[in-house]
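Numbering follows our numbering, with no gaps: position 282 of the sequence shown is 278.
It is possible that some hints are incorrect.
[To be verified] Okay, derived cross-link-like pairs now, DSS-like style, lysine-lysine, Cα gap no bigger than 30 Å in a straight line:
(1) 69 to 128
(2) 70 to 205
(3) 40 to 239
(4) 128 to 271
(5) 269 to 65
(6) 184 to 69
[Stated by the list, open to error] So the derived label-pair ranges between C-beta atoms look like this:
(7) 74 to 205: 28 to 36 Å
(8) 184 to 303: 51 to 59 Å
(9) 7 to 154: 27 to 35 Å
(10) 122 to 159: 36 to 44 Å
None of these hints come from the bench; they were simulated from the model.
Glycine is no exception: its CB is placed at the ideal position from the N, C-alpha and C atoms.
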Amino acid sequence: MTKQRYFFLILILGSLTALAPFSIDMYLPGFPAIAKSLHTTTEKVALSLSTFFIGISAGQLLYGPLLDKYGRKKPLYFGLGLYIIASIGCYFSVTIEQLIALRFIQAIGSCAAGVASMTMVRDIFPLKDNAKVFALLILVLGASPMIAPTAGGYVTAAFGWHAIFIILAVMAVLIMLAVVFGLRDNYKPDSSISLKPKPIINSFIAVIKNPQFYTYAICGGIGFSCLFAYVSASPLVFMDVFKVSSKTYGWIFAGLSVGFIGASQVNSGLVKKFKSEQIVIVSISAMVIISILFLVGAWQNLLGLGGSLVMIFGVLCCVGISSPNTSALALAPFEKNAGTASALLGAFQMCIGSAVSVGVSLFPGKSAAPMAGIMVVSSSLALIVLLTGRRNIKEKVVAKAGQAVAH
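Whole structure, please, built from the sequences with the hints as guidance.
Below, the structure written as structure tokens:
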């Protein structure tokens, strides 16, 4: 594979991965404007974010078997088409109930892109390169928190919040064209895979029963929920508690994302010197410590805006380092059922993220303590799952000379 081809593949797969996060981040600065326009509260608008997470969680389980049976592209085209239609529907929403429902449908469409991109990493690249490729995807994914909130703030100020959803629809069209003309489907569809409920359930159970999968998928999903806690709570914390403007919030969101992106790229160097398992345990442990310091500082009103930014930056750095490694380790044992495994991995992340986003919305936006508290619980549970689950892994699948081997 040439360097140019490698770069182009990473760009397309990264764009697919970033579609759902971009759909989240771009409309966050518009929360106050949406609430005013639809005659509701910011907390009620936040439910449209929660339903988006729920839609992604449910949709990923749908697309996993479809990607394995029909190949990667056909289900992907369906999902992107659904996303485009729902985005246009969001543009025409006149009540908060309509927006909440359409965001759910939009999420069902967007998660096809996320599942397909993760599955194609397992299809296209050598197993030994997967952690590195996932880190590169996070680099492209990082364009979302850097660009989306800032752009969303300016778009909302200039054209109103409705325009955000037209922009998202246009993005999906461009991504679909890139997939059609620039991405080959290297996977041979498996017609033997049944779409009846019982075989699908059995396939999911077979994946879940693998100790290496459930240890790193659950650990990674719980750890990743710290990012969801930040995304869900940040509009309330920064705009309601610290009273920053929507444009300033966009710049803050973009700045904090540098920690997440930069850490993921530091990980590319770390995997050359250390095992992914070692990187995961150190990064999760650091996440626990920083989250506890954040909670204590927020609870005692010791941090203010600057201190809170430092703590959140530290947590996001830990997530950026741990996430590529937990994903690579969770998917390593699978080749035939890569789509199913990728769907379950994404579903774990989004189910936990949905619960976290709903939990954040239940707390009044009077301080950063609820965000910090959820980060403490999430990171601590992730560490417990990791330490206990590792004991059950009898045959660990690793990469050697581009092949998966067990030892």
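> Is residue 128 close enough to residue 271, meaning Cα to Cα at most 30 Å?
Replying inline: holds, 12 Å
> Are the Cα atoms of residue 184 and residue 69 separated by 30 Å or less?
Replying inline: holds, 11 Å
>> Need the status of pair residue 70, residue 205: alpha-carbon distance at most 30 Å?
In response: holds, 29 Å
> Taking 30 Å as the top limit, are the C-alpha atoms of residue 69 and residue 128 close enough?
Replying inline: holds, 24 Å
> Within a Cα-Cα threshold of 30 Å, do residue 269 and residue 65 meet the stated pairing?
Replying inline: violated, 38 Å
> Honestly, do residue 7 and residue 154 meet the 27 to 35 Å range at C-beta?
Replying inline: holds, 28 Å
>> Quick check: does the Cβ-Cβ distance between residue 122 and residue 159 fall within 36 to 44 Å?
In response: holds, 43 Å
> Has the hinted range 51 to 59 Å been met by the Cβ atoms of residue 184 and residue 303?
Replying inline: With Cβ atoms ~54 Å apart, the hint holds.
> Does residue 239 lie within 30 Å of residue 40 when you go C-alpha to C-alpha?
Replying inline: Status holds; Cα separation ~19 Å.
> Falls inside 28 to 36 Å, the C-beta gap from residue 74 to residue 205?
Replying inline: Holds, at about 29 Å.
In terms of the numbered hints stated before, the structure departs from hint 5 and from no other.
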